[in-house]
Amino acid sequence: VTFTYNDECLIPVLECSVKDGSFESFKCTVPGYVAHPDDDMNTIEWRLTNPADVVIISILFIPVITSKTEAAQSRAKKLGIDPNSVK
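Each step along the sequence shown adds one to the number in the working numbering, with nothing skipped, and position 61 is 61.
Simulated from the structure, these hints should not be mistaken for laboratory data. Note that the structure is a prediction, hence the values are computed from the model and not measured. Glycine residues also receive a C-beta, built at the ideal position from the N, C-alpha and C atoms. A hint or two may mislead.
As the list claims (entries may be wrong) - Once the Cα atoms are required to be at most 20 Å apart in a straight line, the calculated SDA-like pairs of lysine to any residue come out as:
no. : residue 1 : residue 2
1   : Lys19     : Val54
2   : Lys27     : Thr43
3   : Lys68     : Cys9
4   : Lys27     : Leu48
5   : Lys78     : Ile65
6   : Lys19     : Pro51
7   : Lys68     : Thr4
8   : Lys68     : Leu10
9   : Lys19     : Ala52
10  : Lys19     : Ile59
11  : Lys19     : Val55
12  : Lys27     : Trp46
13  : Lys68     : Pro12
What the hints assert, rightly or not - Label-pair ranges, simulated between beta-carbon atoms:
no. : residue 1 : residue 2 : range
14  : Val55     : Cys9      : 22 to 32 Å
15  : Lys27     : Ile62     : 27 to 37 Å
16  : Thr29     : Asn84     : 47 to 57 Å
17  : Ile44     : Pro83     : 45 to 55 Å
18  : Leu79     : Gly32     : 31 to 41 Å
19  : Asp7      : Asp40     : 45 to 55 Å
20  : Asp38     : Ala72     : 45 to 55 Å
21  : Ile57     : Glu24     : 19 to 29 Å
22  : Lys19     : Asn84     : 51 to 61 Å
Using the sequences and the hints, build the whole thing.
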């Protein structure tokens, strides 16, 4: 999902917390995972028991395109189209 602000295209990154007791731990289910020295492979995966226990703390919007107009004009130029005809 992207958002627009002025001429920018932004993606949101959510910072969340999980309420105590709302997840269970499981052993690793990824066959090719290479464990780090401090990994406990029997409790490395966490799964929520109640998705409603996720709390959004903050939202960070990261610009992926600082100017949609400039990006469109750049693509037009690469395609051999007059960049000034793109708005």
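Against the structure, the hints come out as follows:
As the CA atoms of Lys19 and Val54 are separated by approximately 7 Å, the hinted pair is consistent with the 20 Å bound. With a CA separation close to 5 Å, the supplied pair Lys27 and Thr43 stays within the 20 Å bound. Between Lys68 and Cys9, the direct Cα distance comes to roughly 7 Å. Compliance with the 20 Å bound is thereby established for this hinted pair. Of the pairs offered as hints, the one joining Lys27 and Leu48 holds, with about 14 Å between alpha carbons and a cut-off of 20 Å not exceeded.
Proximity of Lys78 to Ile65 is assessed by CA-CA distance (about 17 Å); at most 20 Å being required, the pair is judged to hold. At roughly 10 Å between alpha-carbon atoms, Lys19 and Pro51 fall within 20 Å of each other, so this suggested pair holds. Under the criterion of a C-alpha separation no larger than 20 Å, the hint pairing Lys68 with Thr4 is consistent with the structure, at around 9 Å. About 10 Å separates the Cα atoms of Lys68 and Leu10, which keeps this hinted pair within 20 Å; it holds.
Among the hinted pairs, Lys19 with Ala52 is consistent with the structure: their alpha-carbon atoms are about 9 Å apart, no more than 20 Å. The suggested pairing of Lys19 with Ile59 holds, with an alpha-carbon distance near 18 Å, which does not exceed 20 Å. This hinted pair checks out: Lys19 and Val55 have alpha carbons roughly 8 Å apart, not beyond 20 Å. As the CA atoms of Lys27 and Trp46 are separated by approximately 9 Å, the hinted pair is consistent with the 20 Å bound.
Taking the CA atoms of Lys68 and Pro12, the gap is about 17 Å. The hint holds against a cut of 20 Å. Our hint of 22 to 32 Å for Val55 and Cys9 holds, since their Cβ atoms are close to 27 Å apart. The supplied range of 27 to 37 Å is met by Lys27 and Ile62, whose beta-carbon atoms lie about 34 Å from each other. For the hinted restraint 47 to 57 Å between Thr29 and Asn84, the CB-CB distance of approximately 54 Å keeps it satisfied.
Remark: the range hint 45 to 55 Å for Ile44 to Pro83 is upheld by a beta-carbon distance near 50 Å. Leu79 and Gly32 have their C-beta atoms about 40 Å apart, which keeps the hinted 31 to 41 Å range intact. The supplied range of 45 to 55 Å is met by Asp7 and Asp40, whose beta-carbon atoms lie about 48 Å from each other. Separated by about 47 Å at the C-beta atoms, Asp38 and Ala72 satisfy the suggested range of 45 to 55 Å.
At about 22 Å, the beta-carbon gap between Ile57 and Glu24 stays in the expected band of 19 to 29 Å. Roughly 54 Å separates the CB atoms of Lys19 and Asn84, a value that falls within the hinted 51 to 61 Å.
No hint from the list above goes unmet by this structure.
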